[in-house]
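**Student:** Required output: the full structure, derived from the provided sequences and hints.
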Amino acid sequence: MIAAFSSIETLFYLAALIAIIASLKVVTQKNTVHALLYLVVSLLAVAVCFYLMGAPFAAGLEVIVYAGAILVLFVFAIMMFGLKDDETKYAPQSKGLTIWVGPCLLAISLLIALLISLDNAEIQHQLSATVISSKEVGILLYGPYLLAVEIASFLLLAGLIAGYHYAKPDAQGGHL
Amino acid sequence: MTAIPLEHVLILACILFYIGFFGVVVRKNTLFMLMSLEVMLNAVGVAFIGAGSVWQQADGQVMFILILTLAAAEVAVGLALLIRLQQRFKSLDIDCLSQSKG
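In the order they appear, the protein sequences are chains V and E.
Here the working numbering is used: position 158 in the first sequence is 158, and no number is missing along the way.
One gets the working numbering by counting positions in the second sequence from 1 and adding 176 to each.
Accuracy of the hints is not assured; some may be wrong.
[What the hints assert, rightly or not] Straight-line Cα separation of at most 30 Å, DSBU-like style, residue types lysine-lysine; simulated pairs:
{"#": "1", "chain 1": "E", "residue 1": "Lys204", "chain 2": "V", "residue 2": "Lys168"}
{"#": "2", "chain 1": "V", "residue 1": "Lys30", "chain 2": "E", "residue 2": "Lys204"}
{"#": "3", "chain 1": "E", "residue 1": "Lys204", "chain 2": "V", "residue 2": "Lys25"}
{"#": "4", "chain 1": "V", "residue 1": "Lys135", "chain 2": "E", "residue 2": "Lys266"}
{"#": "5", "chain 1": "V", "residue 1": "Lys30", "chain 2": "V", "residue 2": "Lys135"}
{"#": "6", "chain 1": "E", "residue 1": "Lys266", "chain 2": "V", "residue 2": "Lys30"}
{"#": "7", "chain 1": "V", "residue 1": "Lys135", "chain 2": "E", "residue 2": "Lys204"}
[Said to hold, decoys possible] Covered stretches of chain V (in silico footprint by chain E; criterion: 3 or more residues with CB under 8 Å from a CB of chain E, positions within the stretch not fixed):
{"#": "8", "segment": "14 to 25"}
{"#": "9", "segment": "30 to 40"}
{"#": "10", "segment": "51 to 63"}
{"#": "11", "segment": "69 to 75"}
{"#": "12", "segment": "98 to 112"}
{"#": "13", "segment": "125 to 135"}
Please keep in mind that the hints were generated in silico from the structure rather than gathered at the bench.
For each residue, glycine too, the CB sits at the ideal point set by N, CA and C.
**Tutor:** Here it is as C-alpha cells:
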C-alpha cells in the first residue's frame, strides 16, 4: 500500500488533487470562515507541491507568509465585519461535526504524503539532488534582482499606508 | 531535472488559476473575490516554481517571493477597503459599489 505511493510523482499528484479540491470548496462555500479553512488547506497542499518540486525554501515561505500571515489577516477582517448579519444565516446551525471533517481529512492526507516523503530514503535522495537552496535565491535576490526588491519594499510601504488610511473611522478623519 | 514533468505542473497551475478566476467572476461577496484572487496568485507561483525547478534556476523562487509581497500588500489594502465598504453599506456585496460616487 505505502510502496505504491512512494514515488515523487504520485505524492505530487495527490497534493495537486487536494489543492484543486480545496480551491473548489473555497469558491463554492457559503460561509466565509469555512471557505477560509479550505483556503488554508489549499495553500498547505501547494506548499507540499513546492517541496516535492525541489523548492523547500518556497514551501516554507508559503506556509509562513501565506498560511501564517495573510490568512490571519483574513480572520481578523472577518471578525471585524461581524458574522451576525448576512453570513451565518446560510451556515448549517447544528451540524457541529460536518463543518471541520472535510478540511481535517484533506489536511491529514497531506500530512501522510509529507511523512511518506520524509520516511522514504529513495525519495529524499532524489529530492536532495534537485533542490535549489535558499543561498542561491538570496544571492540572486541581492544581485541582479536588487531593484525588484527595492520596488517590492515600496509596494509594501504603500500597502501599509493605504491600509492605515482606509481603515480609519470617519470620526478620525478617514474618508473614502 | 525533477521527476515531475513540466506539463503536469503547468496543468495544475492552469486548473488552480481557472478555479480562482471562476470565483472572482461568479461570486458577489467581495471577501470571496479576494480569496479567489489569492488562489489565482498562488497558481502563478506554482507555474514559476515549476519552471524554476525544471531548469534548475533560482529565478523562479525569486519571482515567487515577489508575488508573495504583492499578495501581502494587495490583501492589506483590499481588506481595509472591505472594512470601509462594510461600514458604509452594511454589506459586502460588490453591487453596492455601483452606488458610490467620486
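**Student:** Now, for every hint given, state plainly whether the structure supports it.
**Tutor:** We went through each hint and held it up to the structure:
{"no.": "1", "hint": "E:Lys204 x V:Lys168", "in the structure": "holds, 25 Å"}
{"no.": "2", "hint": "V:Lys30 x E:Lys204", "in the structure": "holds, 11 Å"}
{"no.": "3", "hint": "E:Lys204 x V:Lys25", "in the structure": "holds, 16 Å"}
{"no.": "4", "hint": "V:Lys135 x E:Lys266", "in the structure": "violated, 49 Å"}
{"no.": "5", "hint": "V:Lys30 x V:Lys135", "in the structure": "violated, 43 Å"}
{"no.": "6", "hint": "E:Lys266 x V:Lys30", "in the structure": "holds, 18 Å"}
{"no.": "7", "hint": "V:Lys135 x E:Lys204", "in the structure": "violated, 43 Å"}
{"no.": "8", "hint": "14 to 25", "in the structure": "holds (count 5)"}
{"no.": "9", "hint": "30 to 40", "in the structure": "holds (count 4)"}
{"no.": "10", "hint": "51 to 63", "in the structure": "holds (count 8)"}
{"no.": "11", "hint": "69 to 75", "in the structure": "holds (count 4)"}
{"no.": "12", "hint": "98 to 112", "in the structure": "violated (count 0)"}
{"no.": "13", "hint": "125 to 135", "in the structure": "holds (count 3)"}
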